[in-house]
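Fit chains B and C to the given chain A structure using the hints.
Residue numbers (this note's numbering), protein chains in the order written: chain A, 1 to 323; chain B, 1 to 345; chain C, 1 to 517.
Treat the hints loosely; a few may be bogus.
What the hints assert, rightly or not - Here chain A is said to cover these stretches of chain C; the calculated rule only asks that three of the stretch's residues, wherever they fall, bring their Cβ under 8 Å from a Cβ of chain A:
1) 163 to 174
2) 334 to 344
3) 350 to 356
By construction, these hints were calculated from the structure, which means they are not laboratory data. Bear in mind the structure is a predicted one, so any value in this text is a computation, not a measurement. We treat Cβ as the ideally placed atom computed from N, Cα and C, and that holds for glycine.
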Amino acid sequence: MSSATLPVRISSIDRRVALRWARDNGVYVALAVLLIYNIFFTPRFMTLENLNVQLVLATRVIVVALGMAMVIGTAGIDLSVGAVMALSGALLVQFSGLPAVLAIVLALLIGGLVGVLNGFLVGVVGIQPIVATLAFLFAGRSLAQLLLVGRNPSIQDQTILSIGSGKIFGISGLVIAAAVAVSLVALIMRRTTFGRQLLAVGDNARASFLSGVPVRRTLIGVYVLSGVLAAWAGVMDTASITSANALSSGLNYELFAITAVVVGGTPLSGGRVRVVGTVAAAILMQLLSSTLIFHSATDAISQMVTAVVIVVAVYIQRVRSQA
Amino acid sequence: MSAEISTTGLGSEGPDYVPANESAHVGFGSHALALLRKSGVAAFVALALIVVIGSILWPTFHSLDNMRNVVLGITYIGIVAIGMTMVIITGGIDLSVGSVFALGGVVAVWTNNQAGPVAAVFATILVCGAVGLINGTLIGIAGLAPFIVTLASLFGIRGLVYQLTGAGATTYSVSSDSAFAWLGNGTFLTFGIPIFIAILLYVTFHLVLERTSFGLTTFAIGGSEDAATLMGLKVRRTKILLYVISAALAGIAGMLQASQLVSASPIIATGYELQAIAAVVIGGTLLTGGAGSLVGTAAGVLLLGAINAFIRYLQLDSTWNNVVSGAFLVTVVVVQRVLSYRRSD
Amino acid sequence: MSTTTVDTASPVLEARGISKSFPGVKALIDVDLKVRAGEVHALIGENGAGKSTLIKVLTGVYHHDAGELLHKGKLVSFAGPRAAQNMGISTIYQELDLVPTQSASRNLYLGREPRNRLGLIDFAQMSRDAEALLRDFQIHADVDVPLTTLGLGTQQMISVARSVALDANVVIMDEPTSSLEPREVESLFRIIDRLRADGVAILYVSHRLDELYRICDTVTVLRDGRLVHNGPMADLPRVELVSTMLGRDLESTPHRTRSAAPAADERETMLELRGVNWRNRLHDISLTVSKGEVVGLGGLLGAGRTEVGMAVLGAEAPDSGTVMIDGSPIHRVSPGAAIEAGVALLPEDRKLEGIFPHLSIRDNIAIASLPRLSRLGLVSDKRIDEIVDTFMARLHVRATGPSQKVGTLSGGNQQKVLLARWLCLNPKVLVLDEPTRGIDVGAKFEVRSTIDDLAKQGLAVLLISSETEELVDQSDRIVVLKDGRVVSVLEADRISEDDLIEAIAAVPAEQAGDNRE
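Chain A on its own, in the form it takes in the complex:
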């Protein structure tokens, strides 16, 4: 090929890099803008207590969104997360006779088991992720309800409750719980073979297979992680409201999680997972909702604004990929 094409290519690469920066960091910019707005226009915003509250409100979505981000990284989706949250709360009640740590571990295990089922359907049988995880979305919440029939749903165990209301050095137990999840997922995505293989599977599953990547195992693993994280979020949620509520716990969380993932810059087509972006987006969406409420907008308006934000975020992603 003649060398004339090379300089042309480089300048288009520069432009692409610039656009990508804009797209990748848009969420941080938006978050910063919103923070600044609130500092100036929202009374009593900059108190430690308020900041803590804001952060706490976002913690459960953060945890679920992390799992969702990894699944989306494989070009899949996990619609069962909300149901798993509800189920995990119901399981805590079920196991309330056991020591707290054991109960929690069992709840996480069962979340992981749901993940094995989902992963098996997607990775081994070859069913589309929407359909495979849709089934548990139907069934899971109802299972949780059935488990709670005739039982006292309130949580008595102090250890569990402390996750919800306890504080260490002024930082809420929930924030710590979320931070643990974030660190874990960041570690997985940055430093493990599993994380790299996950991205490869999302980018080109066939090429991954031919390169020796254990595709099935990777897919099952990612859905297991999503299930465990969803269960963890369920434990957090149940601890914070001090009782298991199968109907409301985790309701619509799959949608919130997907929103956070998309707004945070992780493409639905797979191959890339932005951990920090997802966290930032979850906080952004929560802060947006709070800001609107602070300024007397109704819940309804907040929902509509969320909708617009999603569309804008995806549009920016789209424009970038066409450059």
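Then chains B and C, alone, in the frame of chain A:
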């Protein structure tokens, strides 16, 4: 530069590392299997099984009365599933139908109280169609992923409905002897009016799908959008129209249910989109697009209704509905997958 | 051969000074083209020369930035592909433009279905019309089953039939024979002759020189988006044609220094297939590749060459037979196990099966080696960086750096990245499936030299290729497959390309003479 072929953006094809078989020279066997899957035979078989078993266990199960109620109950999801089927055939999806359903109810009741039932019908179709137009434009022209766009609509329209009704503070209702209420409660030959409307819609859209170029374009887009474009088909127009239809049908369904309940509620129909998707998938339509039929969807819808009835007769908590539906969904889809895998050998 | 009756009347389709750019790339610069009625006009050029873009401009898919389009002498501007189609410009694309889930009859008449009195589509009539049309073209297929159940070649022929049935006055064919069996190629040429006699203007894009010289009257050569040659086909000898395409004198591609191949008694068998059977695809395949040897695998499309590669990699378990690497069978049928045993495979379709377009060069190279470069599941980025830098330099990968996304590289560089992925595993056996397909001449040269070097270093190489020249030049031995069976094994230094072609066609010598130029 690897070209970015149009996808649903979701990668919902699912990783496919089952090596593709180039020339699967199969004769009559695969032809028959394709036909079977197309008409949702699995769903019909399951439906028949449930009816048979139910009739054996309880004498009233197959009574006309019971059948009538079952079908009436499932009619609203059924109408929603029509639009969903067509959208899914193009490889897309419409998650907003639940919210639009609620919107339809509210718009219909409010308009009826202002201007009568005829205006109510028109207003519902117009307003909900407009929502579909927004969806369709973002998807068909801006090229955004259907999953995300309709997800945003799901949020946004639900918010709108809450806003309009003051989050349930204002109740919209009609009197039970008004003309509007007849739509949902009236009967003809002892069958509820909504059932007839649903049948009419199914027949109409089945014909549209199978026999008009709009319908064939729909299939073509699902089979290969690039090919359809290269062939000069009106891809964009068709896509937009499909989302308009999907939303309009959801609105009509919401209107009919509001009529039956003689009031509109902003909190109903959460999760309807998923039930519709389940019915469509169980009925044999592929989520990847390009193949499917309303006959199959009808079977899927009826199957869901039959499951509900079965569980009611078992005197189990209605919560079991979802569990069983979920299990059915998985079973049917796994069977479909196994069949199609074997076919390609 | 082709009769050169160039009609001096005004052209049916003409492009004047057409330019078209995309962000960062000038695809066409001031290109002229004239296609006349009853003429078969060849359009040729290397990959990236602008042929596809020109076609898309001519057919209304793209709108040109500068210049004019004339159809039958009148200035035109197409609003879209439909507009061009309505004017009688019909295209057969390289990527099949049919809807695979629908039947042949639906595809043939999509957009112009016969109607009954009610205005609804008359399916019975459509099937009848479709059958008649296919019979006319001597295509044997069931018009009512989904296209995916028919063979790729048949689908291509149906695509041809569709375009022709549109009563076109211009038919543009983009690599029409890429998926066709020889029998189907003959059918296609008969159709082309008929079209020519009917006064249709045909624009024929192909890189298969034999076909071009056989069927085309005039030729236009594009290079880097510009017109570099236009004139009668007969006036342009092959060598000049190729050098015009490349813009330089033909460098001789390296001939394999076969003296480096180990003598027969010193051979150390690295790869052995014994009696491999795969229902419908492979029958009793046995072959060996020794250390330092390059074995070419030749045959037509569908002969089973890629399947052999997949069997070696363990991508799917064959029904029977064994695959042995360095004397021992692979203990588990999976690419992972094969790679551990020392197998490396460069797949045929790098876009679909090879590269991770959105991942960096670094990730693309490291992917197969990750298990080796990590401990307890944690990756050692330092070691990865070292290896990536080493191999990028060794293979001369041209990029802005290891973080560049592979999807943005040229075909040749992508191929090198893929090679790097396999070479950093230090394999014992390397299977290459069409390693130089679709890459520019410079990169081809580099890739072939690399293969040569690798064999000298002791790698056992299985080279799958459709280019007879490549097989003859690079291999020590050539195994010819036909319909999943081994039909002959040839010593490469004792045959010419023509001999190889004969062996592939499995046609006795006297008959082969009729097909030669």
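Okay, the hints, checked on the actual structure:
no. : hint       : result
1   : 163 to 174 : violated (count 0)
2   : 334 to 344 : holds (count 6)
3   : 350 to 356 : holds (count 5)
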